[in-house]
Amino acid sequence: MPDDSLADAWLVVPLYDEAEVIGPVLREALATFPRIVVVDDGSSDASAARARETGARVLEHPVNLGQGAALQTGITYALAHGARYVVTFDADGQHQVADAAAMVRRAREERLGAVLGSRFLDDRTRAGLLKRVVLRLAVWFTNATTGMRLTDAHNGLRVLRRDVAEQIDLRQARMAHASEIVTQVARTGTTWREHPVHVLYTDYSRAKGQSVLNSVNILVDLVFK
Amino acid sequence: MWIKILLVIAVAAVSVALTRATGGARHQAVRRILLALFVVAAGVAVLWPPLLTKVANLVGVGRGADLLLYALVIAFLTYISTSYRRTSRLSRDLTTMARELTLLRAQVEDDRRCAPDGTGPAALEGTAGGDLHKSSTPGPHSLPGDSAPTAYDAQRD
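If you're matching them up, the sequences are chains Y and W in order.
138 is the number of the first residue of the first sequence in the numbering used here; add one for each residue after it.
31 is the number of the first residue of the second sequence in the numbering used here; add one for each residue after it.
I should point out that these hints are in silico values taken from the structure, not numbers from a laboratory.
Mixed in with the good hints, there may be bad ones.
Stated by the list, open to error - Partial list, derived from the structure: chain Y residues whose beta carbon lies under 7 Å from chain W:
1. L196
2. H198
3. P199
4. V200
5. L202
6. T210
7. G250
What the hints assert, rightly or not - Partial selection, computed: residues in chain W whose CB lies under 10 Å from chain Y:
8. I33
9. T83
10. D96
11. R135
12. A136
Claimed, not checked - A few chain Y residues that don't get close to chain W, going by computed Cβ distances all over 10 Å:
13. E157
14. P161
15. V176
16. E197
17. G230
18. D236
19. T262
20. L267
21. L274
22. F278
23. T283
24. G284
25. H291
C-beta atoms are modelled at their ideal positions from N, C-alpha and C, and glycine is treated no differently.
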């Protein structure tokens, strides 16, 4: 059931090779968020077609540019269409629509510039030991370089108020954008909070998700800009 | 003796290839100077190997061949770093271009939804809108399924 308070919130969904799951994920999200922009990042499968079938607005990158670029395209589009809140949301079904809605409401009620999802504020999320260690290291690195106090640096579920989203300019096309967003949010000096979210690790997401080794790439991208 | 001829030809070929590379005027001048030095040094090293050994001894390296190897390692690392920088700049440019293209195409599609014949004034105005990156005003159109297109505009401050 669509919620009027979410009519000015745009869900930005970067999409890359998720044809199997994108349909149901978008249909569930559309029931709560009427405005969704999906940015297909040059998928090689039928992702874009599956997304179109749901009725969501689908933009297509001509070539694969990376998730950061897809997010930036989506954010620009949402802002150009009057979004007051921009919600970044993963295409693979890891995120809960209810969490996203709660975060938008919280941003509005507490007048926050940004609400960042964290899977470590409560114990709903079950991650493997190695994954936890790597994520903690990422948090440590982000906190050390931004001066923020985060518990989860690489969570794709975020709510940005319009004025904050306008100042986001992602240069890191690949995965390092997660840290980059946090850095740029910090630079705006806006008030922000972390919000407990549940990240669902299914067999599908585990098979597709970032390998732990990829954190090496992220680190190199961040150091050698 | 044959090796000397082959090497001199190789040096000449590489230097011709390098002069054709493009870039800023200053960079190009610096590169040409370095190139001239490289040609001279390479020619000397090929034609009079003992001289290379003498230089090597001067800086505390046993053989000329060793000095050559060290120089090669440094040259290779320099090459890696410049080509890394160039590649990242290129991919950044490509990203900007492709995003711009995507947004323009989206705008054309949106405008076409407003004016199904594609000739309405919105179709022309919208695409001429200029800088998509910084554009923050809502478009003159709404998405299908909009019950009240202006409801959220009114709430903005």
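Verification of the hints:
1. L196: holds, 5 Å
2. H198: holds, 5 Å
3. P199: This interface hint holds because 5 Å falls under the 7 Å limit.
4. V200: At 6 Å from the nearest chain W Cβ, V200(Y) passes the 7 Å test, so the hint holds.
5. L202: Constraint on L202(Y) satisfied, holds at 5 Å.
6. T210: Hint holds; T210(Y) Cβ to chain W Cβ min 5 Å, cut 7 Å.
7. G250: violated, 13 Å
8. I33: violated, 39 Å
9. T83: violated, 38 Å
10. D96: Nearest chain Y Cβ about 30 Å off; hint violated.
11. R135: holds, 8 Å
12. A136: holds, 5 Å
13. E157: holds, 24 Å
14. P161: Consistent with the label, P161(Y) stays out of reach of chain W, its closest Cβ about 19 Å off (over 10 Å).
15. V176: For V176(Y), whose nearest Cβ neighbour in chain W is about 7 Å away, the distance does not exceed 10 Å, so it is violated.
16. E197: With a cut-off of 10 Å, E197(Y) comes too close to chain W, as the shortest Cβ separation is near 6 Å.
17. G230: holds, 23 Å
18. D236: At about 22 Å from chain W, D236(Y) clears the 10 Å cut-off, so the statement holds.
19. T262: holds, 32 Å
20. L267: holds, 29 Å
21. L274: Correct as stated: the minimum Cβ-Cβ distance to chain W is 24 Å, above 10 Å.
22. F278: Holds, because the least Cβ-Cβ distance between F278(Y) and chain W comes to about 20 Å, which exceeds 10 Å.
23. T283: holds, 22 Å
24. G284: Holds, because the least Cβ-Cβ distance between G284(Y) and chain W comes to about 26 Å, which exceeds 10 Å.
25. H291: holds, 21 Å
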